[in-house]
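Could you slot chain U onto chain G? The hints should help.
The primary structure of each chain is shown beneath.
Number of protein chains: 2
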Amino acid sequence: MPEDFVVTPWEVVGEVDYDRLIEKFGTSRIDDALLERFRKLAGELHLMLRRRIFYSHRSLNWVLTEYERGNPFVLYTGRGPSGHTHLGHLMPWIFTRWLQEKFNAKLLFQLTDDEKFLFKPELTLEDTRRFAYENALDVIALGFDAKKTEIFLNTEYIKSQYRLALKVAKRTTFSTAKAVFGFKNETNIGLIFFTSMQSAPCFLESERQGKAVPVLIPCAIDQDPHFRITRDAAPHLGYPKPALIHCKFFPSLLGGGKMSASKPESTIYTTDSPSGARRKIMDAFTGGRETARLQRKLGGNPSVCSVYQYLYYIFEDEDEKIKQRHRACTGGELLCGECKQYLAEKVERFLIEHQKRREKARDVLEDYMVRD
Amino acid sequence: MPEDFVVTPWEVVGEVDYDRLIEKFGTSRIDDALLERFRKLAGELHLMLRRRIFYSHRSLNWVLTEYERGNPFVLYTGRGPSGHTHLGHLMPWIFTRWLQEKFNAKLLFQLTDDEKFLFKPELTLEDTRRFAYENALDVIALGFDAKKTEIFLNTEYIKSQYRLALKVAKRTTFSTAKAVFGFKNETNIGLIFFTSMQSAPCFLESERQGKAVPVLIPCAIDQDPHFRITRDAAPHLGYPKPALIHCKFFPSLLGGGKMSASKPESTIYTTDSPSGARRKIMDAFTGGRETARLQRKLGGNPSVCSVYQYLYYIFEDEDEKIKQRHRACTGGELLCGECKQYLAEKVERFLIEHQKRREKARDVLEDYMVRD
Numbered sequence: 018m019p020e021d022f023v024v025t026p027w028e029v030v031g032e033v034d035y036d037r038l039i040e041k042f043g044t045s046r047i048d049d050a051l052l053e054r055f056r057k058l059a060g061e062l063h064l065m066l067r068r069r070i071f072y073s074h075r076s077l078n079w080v081l082t083e084y085e086r087g088n089p090f091v092l093y094t095g096r097g098p099s100g101h102t103h104l105g106h107l108m109p110w111i112f113t114r115w116l117q118e119k120f121n122a123k124l125l126f127q128l129t130d131d132e133k134f135l136f137k138p139e140l141t142l143e144d145t146r147r148f149a150y151e152n153a154l155d156v157i158a159l160g161f162d163a164k165k166t167e168i169f170l171n172t173e174y175i176k177s178q179y180r181l182a183l184k185v186a187k188r189t190t191f192s193t194a195k196a197v198f199g200f201k202n203e204t205n206i207g208l209i210f211f212t213s214m215q216s217a218p219c220f221l222e223s224e225r226q227g228k229a230v231p232v233l234i235p236c237a238i239d240q241d242p243h244f245r246i247t248r249d250a251a252p253h254l255g256y257p258k259p260a261l262i263h264c265k266f267f268p269s270l271l272g273g274g275k276m277s278a279s280k281p282e283s284t285i286y287t288t289d290s291p292s293g294a295r296r297k298i299m300d301a302f303t304g305g306r307e308t309a310r311l312q313r314k315l316g317g318n319p320s321v322c323s324v325y326q327y328l329y330y331i332f333e334d335e336d337e338k339i340k341q342r343h344r345a346c347t348g349g350e351l352l353c354g355e356c357k358q359y360l361a362e363k364v365e366r367f368l369i370e371h372q373k374r375r376e377k378a379r380d381v382l383e384d385y386m387v388r389d
Numbered sequence: 018m019p020e021d022f023v024v025t026p027w028e029v030v031g032e033v034d035y036d037r038l039i040e041k042f043g044t045s046r047i048d049d050a051l052l053e054r055f056r057k058l059a060g061e062l063h064l065m066l067r068r069r070i071f072y073s074h075r076s077l078n079w080v081l082t083e084y085e086r087g088n089p090f091v092l093y094t095g096r097g098p099s100g101h102t103h104l105g106h107l108m109p110w111i112f113t114r115w116l117q118e119k120f121n122a123k124l125l126f127q128l129t130d131d132e133k134f135l136f137k138p139e140l141t142l143e144d145t146r147r148f149a150y151e152n153a154l155d156v157i158a159l160g161f162d163a164k165k166t167e168i169f170l171n172t173e174y175i176k177s178q179y180r181l182a183l184k185v186a187k188r189t190t191f192s193t194a195k196a197v198f199g200f201k202n203e204t205n206i207g208l209i210f211f212t213s214m215q216s217a218p219c220f221l222e223s224e225r226q227g228k229a230v231p232v233l234i235p236c237a238i239d240q241d242p243h244f245r246i247t248r249d250a251a252p253h254l255g256y257p258k259p260a261l262i263h264c265k266f267f268p269s270l271l272g273g274g275k276m277s278a279s280k281p282e283s284t285i286y287t288t289d290s291p292s293g294a295r296r297k298i299m300d301a302f303t304g305g306r307e308t309a310r311l312q313r314k315l316g317g318n319p320s321v322c323s324v325y326q327y328l329y330y331i332f333e334d335e336d337e338k339i340k341q342r343h344r345a346c347t348g349g350e351l352l353c354g355e356c357k358q359y360l361a362e363k364v365e366r367f368l369i370e371h372q373k374r375r376e377k378a379r380d381v382l383e384d385y386m387v388r389d
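So the sequences go chain by chain: G and U. Quick note: to get my numbering, add 17 to the position in the first sequence (first position is 1). Quick note: to get my numbering, add 17 to the position in the second sequence (first position is 1).
With the rest of the complex left out, here is chain G (with noise of 0.2 Å):
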C-alpha cells in the first residue's frame, strides 16, 4: 500500500496518519497505564498528555523508572533557526517547560544554526545565528529555570559536541541515513553528517556525569527519525539510549496537514502584533457551514477546523469547556465568528504577556547561552 503522506525531519507532505506513523517509525502509543503513571509522578497532567497531543514514545516507561530510583533525566529539545519562532515551535516547548517544573529537570536546548544554514540554500551561517538567537528569547520566555537550562548554538558549542558527534558517526553507514532521511545524490555531505550532531546533547551529560543519565527528549514525531540513528549508537558507545515522547503536529491556520513557515498566513509568530495575529484568526479555515443559516441548521465539524484546533491544542486548558464548545459547535448552537473571536482573544493576551516576558529574556539571555 503507498503512502499518501510522508515524514522527515525535513519534509512533512500530505494528510498524516498518527497511528499509522507509529507503526511506521516502530514507536509506542502512551496508553492509559502510562499516563496513569505520569499523572502520578508530575502530581497532574498536562492537556498536551490529557489530550493524546503528545501521544508516542520510546523507552519512556524506562525514563520514569528510573526517576522513581533516584535518578533523574535530563530534558534534550531544540530549535532549527530558519526563521522566527511560531506557535508550533512554542507547543513542545510549553510541555517541556511543564516537564522541568514537574520533574525538577535539567533542560539542554539545541538550536541548529549548522543545520539550518546547511538545508536552506539561501540562509548565511549569520543568518541562522541571528534567528537562533531570537529564538532563544521565546524559549527563555516560557519560563524555564535558567539554573537549569542551557542554551546553545551549535556553531558556538561545537568543541563540547564534536568529539560526541564523531562517536554517533562512525557508527552510522551513509546507507542507514540515506534509508532514516531520503538522502539523494545532491543532498550536501554536511546534511549527511548532521544527524551526529543533533545525537550529540543526548550523550553530554552522561559524559559529563561519567555516568549514565537518562535523556527524555520532548519533540514532534518528525524528528524521531534523528533518533533512531542515535539509540542505534548509544549502546556501543556505552550510553544509554536516549527516551522521547513525541507529539503531533500543531495545526494550520489555512486548515490541512503541518503550518508551514514559508506561508506566513498559516501560522502566528510570536514577533506577529497581538493585531495582526487576531487577523490571521478570523481569516482562519475552520470547520464551519456556507452560511449561518446552514450552520445552525447542520452544525459545524471541529476535527477540520483550525480554530478548534487552537483551543484544543494550547488555549483551553479546561477540558469540561472545550468539550462544551464542540457539543455547541457540532449542534449548531456556536458560530464561526464567536469562536475566533474567544480564540482571538486568548492569543491577543498570550502575545502581548508572551512579548512581554520576551523583552525582558534580553536582558538575562546570558544566564541561559551556554559557548565552548
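Misleading hints may appear alongside valid ones.
Claimed, not checked - List time: in silico EDC-like cross-link candidates among lysine to aspartate or glutamate, alpha-carbon distance up to 16 Å:
hint, chain 1, residue 1, chain 2, residue 2
1, U, K228, U, E118
2, U, K258, U, D389
3, U, K57, U, D21
4, G, K137, G, D249
5, G, K176, U, E173
6, G, K165, G, D384
7, U, K164, U, E118
8, U, K176, G, E173
9, G, K357, G, D300
10, G, K57, G, E28
11, G, K176, U, D389
12, G, K377, G, E151
13, G, K195, U, E118
14, U, K176, G, E83
15, G, K195, G, D249
16, G, K201, G, D384
17, G, K340, G, E350
18, U, K195, G, E28
Just so you know, the hints here were simulated from the structure itself, not pulled from any lab data.
Leaving out everything else, chain U in the frame of chain G:
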C-alpha cells in the same frame, strides 16, 4: 584502458604511474621554467625540487606571483595521526620547513585526529589524540619556527574551523564526494563530511585577516582529491583557491609502492632505535643481483632499489655524489652491502639527532599548539 593503480587519500594500490596521475587528477607538472622561478625567489632549490620528488602542482605560478607582489602565502599541511611518524611522513615536512625558511611563511599544521578515528575501526579518539601529540613532536623537531607555526588537533580546534567546514560542506554534494573519494554505502557519515574539515584551514587565514591570503599546500599527491573539492568551493565562498605542490610517495624498504604503516619493516619510524633502523636497512630490498660476482659483472638496478631511493629522496643532498653512486651501482663497482652501510650510518646519525630534538620539543610543545 583499465587503471592498474588506485590513489585516493585513504588507499594507494598498485604501482603508481606518476605521469599518468598528473593527467588523471588534472594537475600540472613542475616544469623547468617554474623551477627556475622558484630558484630565483628562494635563492636555491631544495633537493626534492631538483630531483622532481615534488613534481606536480596547482596554481603554483599564481602563488609565486602574489608573493612577488608582496602578498605572502601561508603554508598548510598536516598529518592523519593513526600511528607513529615514519620517514614517509617526514619527507614533505622537511620540504615544508625549507619553504617556511626561504619564504618566511607562516605554517598551519592540521592533525586530523577526527579523520583517523573515523577511518580506523580499532582507534579511539584517545588513541588518535595521543598519536597526534607524538606526531607534533616530530614536526617541531624538524625546526619549524615557533613564531610562525600553528599546530592543532581538529577536536581541539574545531570551533575555529567548523564554520569554514560547514561552508565547504554546503557546496559539496554527496555525488561529488563519492566520485572523488569512492565512498560506498558502508562508508560512515563522518568520513563523508570529513573533507570539509581538511578544507577549513585553507580559508582560516583569509578569514582572520579579512582579505584574500594565498595558501600553498605541500603534500603527497594522494591528498589532492580533498583540495579539488576545496578549490571548487573557494570562489563561491569568496576565498582564493589554495595552491598545491605535490610529492611522490616515499618508497618502501621492501620495494614496490608506498611504504605501509601496517608493515613496520617497510619503513623507519622516528621512534625506532638507531640500531633497529640499521637492521631494517640491512634487510631492505635492493636492486642488487643474486651474487656479488653477478653484481660486479652486470651491475645493480638503482631504479628499483629502496636503499638508493632513500638516499635520493632524503639522505644524499649532493647531486654529484648521488650521480656517482648511480654510476657505480650500474657499473658493478658498488655492492649492496656497502650501500646499505652508507645509508645506515646516515639514518642512524639522523635519528640520533632527530630524537634529541624530539625530546626537547616536549618542553616547547605549547609554543606551537593552538586550541579554541
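Pair hint outcome, K357 of chain G versus D300 of chain G [Cα-Cα no greater than 16 Å]: holds, 9 Å
K195 of chain U paired with E28 of chain G [C-alpha distance capped at 16 Å]: violated, 25 Å
Pairwise hint evaluation, E118 of chain U against K228 of chain U, where the allowed Cα distance is 16 Å at most: violated, 24 Å
16 Å Cα cutoff - pair K137 of chain G, D249 of chain G: This hinted pair is violated, its Cα atoms lying about 28 Å apart.
Distance restraint between K176 of chain G and D389 of chain U, which requires alpha-carbon spacing of 16 Å or less: Holds. K176 of chain G to D389 of chain U sits at ~8 Å (cutoff 16 Å).
16 Å Cα cutoff - pair K176 of chain G, E173 of chain U: This hinted pair holds, its Cα atoms lying about 7 Å apart.
Given pair status - D384 of chain G, K165 of chain G, alpha carbons within 16 Å: With a Cα-Cα distance of about 10 Å, the restraint between K165 of chain G and D384 of chain G holds, given a limit of 16 Å.
Pair hint outcome, K195 of chain G versus E118 of chain U [Cα-Cα no greater than 16 Å]: violated, 48 Å
Given pair status - E151 of chain G, K377 of chain G, alpha carbons within 16 Å: Holds. K377 of chain G to E151 of chain G sits at ~13 Å (cutoff 16 Å).
Hinted pair K57 of chain G and E28 of chain G, Cα distance within 16 Å: violated, 37 Å
Restraint status (C-alpha distance of K195 of chain G to D249 of chain G at most 16 Å): holds, 15 Å
Restraint check for K176 of chain U with E83 of chain G, where alpha carbons must lie at most 16 Å apart: violated, 35 Å
Consistency note: the structure conflicts with the earlier hints numbered 1, 2, 3, 4, 10, 13, 14, 16, 18.
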